[in-house]
Amino acid sequence: MATVTEARKPFSYSPGFLAWMALIGILLIIGLITAVRVFSQGLTLTNMYNNVPWGLWITIDLSAIALGAGAFTLSAIVYLFGLKRFQPIVRLAVYVGFIGYTCALLTLVMDIGRPDRFWHPWVYWNVHSVLWEITWCITIYLTIMVMEFLPVITEHKFFDRMPWTRTFANALHKAAPFFALLGLGISLLHQSSLGATYGIVKSRPIWFKPSMPIMFILSAVAVGPALTMSLAIIIEWVTGKRVIAHDILRMIARFSGYALLVYGYIKFWDLAAVTYYGRTPSVDLALFTLNQQTPYNFAFWVGEILIGIVIPVILFLSPRFNRNPALLVLGGLLAVIGVVVNRWNVTVSGLFVPLAYSPGTQYVLPPGRYFPNMVEWGIALGIIGYALLMLTLGIKFLPLFGDKEHS
Amino acid sequence: MSKKKTKVKVELTRRDFLTVAGAALGSIAAAQFLTTGPLSPFSQLKQSQLEGVPETGHGAATGKYHWGMVINLDTCIGCEYCLRSCSAINDVDADKPWNIVVEEKSSTGSIFYFSRPCLHCQNAPCVEVCPVKATYHREDGLVVMDYDRCIGCRYCMVACPYDARKFNWEIRNDENPYVPTYGTPEVERRPRGVVEKCTFCIHRIDAALRSGLVPGEDPSANPACVNICPVGARVFGNLNDPESTISKVLEANPTIRLREELGAEPSVYYIPPKEGL
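Those protein sequence lines, which keep their order, are chains U and A. Going by the numbering used here, the first residue of the first sequence is number 1, and it counts up by one from there. Going by the numbering used here, the first residue of the second sequence is number 1, and it counts up by one from there.
Just chain U, with the same shape it has in the complex (with noise of 0.2 Å):
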């Protein structure tokens, strides 16, 4: 078993990597203090309140969740449809997923009232929530990504001396295109039932669509294989190794590229019905009271659709400019904002607009008040700090780039 880590040279330590490590300290330093200050006195020292129960860190659950899709689709490319020149990014892939997952799994225990409860879901069912479909099923595809995973591990040096952890490995590579399948289905119930989480709320009018889980699992798909696409570029710039072929991640960003369309298609045809063929008074009053209050229109045309749509697909479908692999790079990272600006709008613009139940004419609620304080900033930093610091010892010490099943 000639395995790739026999290869890897031993690390240095270079000012730039400890510069680099130096940063996810103060991020992750930040990110303790202010979470042991949100224990200890409750969500209280947050900007939400009654009226906007739900901000910033609803929208990094949702964003690292959908950055994290990228796990499945490509896993299912390669091991259901059998695509088998895309497994070298299959674990990269799977990794990313996996630091997504844990990204807003450990934001939703800071989120939560209770975080001593956080094991409620799985022993009190309601099977009639959404929320605890996605609780399940994040839990169960975040065992599929360690199971996926863990034959990676064991590649390490330091399982030479167990020799059953490595046949433990084998079995579960074996397994590889189970995992895969279950990963899809899994995933794609919760990607789109996390849209389903507002598409039901009919109390809310700009939410209560049949489009919403539609849009969220569209743009996961697109958006999730096209970062795990740049960070492959990225970190073969940061180690000066080609780590996967270009032909390879140019694929992948077209692939991205035709979901965008399809995703854009989708969204198009979501804002002709809501806003032209199927307006609502509701709904219009809604939008009105929103584009009042917040730059909504602004976000949504050009942060959800010129950055996060048109400047991706344009940058990976054209021939000129996908053979660049910094201007790939520059399309995921601006396809992962317009997704993260989505998830935002989303969920403020719902929680923005005032409930109206009063009979009369006069009482209506304040409109939502809501930008998030230096507390939701913090954990947000202590998140980005987590997920850098994961991908930094993965790259370091676990052969992400190892594609051992050919030779």
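Do not rely on the hints blindly, as some may be mistaken.
[As the list claims (entries may be wrong)] Footprint (simulated), chain A over chain U, 3 or more residues, beta carbon under 8 Å:
(1) 37-45
(2) 48-60
(3) 150-161
The set of hints was computed from the structure by calculation and includes no laboratory data. On a predicted model such as this, the values are computed, not experimentally measured, just so you know. Just so it is clear, CB atoms sit at the ideal spot from N, CA and C, and this is done for glycine as well.
For chain U, the structure is supplied; the task is to place chain A on it using the hints.
Using the frame of chain U, we list chain A on its own:
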């Protein structure tokens, strides 16, 4: 060049097929066992609960009682006594009252006063979305909270169409301005990190039923807001009993319910002001 298409050859041998089929059947069997077998969390539920009756539809109140309320917008004078008494009895944070009272204008320009407790919907969005069943329907149709189970995800607040739910953002150590003028607390304060809401004073209802009183007919068994109202604008009682006061009030008056189009089936009815809404 990526233009070159790779030829994908999918070979499905008998062995592969049997493996996949076996795995599929095994999963189905496992799922079946886990959901209906003795390990299933459903195994402790009664048949009526298994059929999903209490969670959705009009039939949330499956028992002898269905507690409801009628609020007469025509007689309400906007004194806020209901809000204050409620806040005192249930020891509610004065900034986040369970009951709200607001001055309102009808479409004809006349002033009336609108108040709102929790509407105890029979098809309650909050009950549907709670991931842990911390908020649920009792047999008497009331939507109640299990403060020991709530994880504080706040999805119920997001889903409630009537803004009836409040979150405990911090440990409560505020002074209650309505105690003792409007009553003394009969229930504990809720801990930090859980969602709370109006209960129709279930502690009073349950105690009254145990001692043989009839809530709705006997004042000591009524919710605090109903008892204190100086003009009798609030009527409480059993909607399932055609002889109860509330049923007679409902029969004698035109009533509306809030956001009827959502189909949440609230248990609180409003008598509109004479000048119209």
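Quiz item: Okay, the region 150-161 of chain U and chain A, do three or more residues pass the C-beta test at under 8 Å?
Solution: Contact hint for the region 150-161 of chain U vs chain A: violated, 0 residues under 8 Å.
Quiz item: According to a criterion of three or more residues whose C-beta lies within less than 8 Å of a C-beta of chain A, is the region 37-45 of chain U covered?
Solution: holds (count 4)
Quiz item: Count the residues of the region 48-60 of chain U with a beta-carbon closer than 8 Å to any beta-carbon of chain A: does the count reach three?
Solution: Answer holds; 6 residues pass the 8 Å Cβ test.
Violation of the numbered hints given earlier is confined to hint 3; every other hint is satisfied by the structure.
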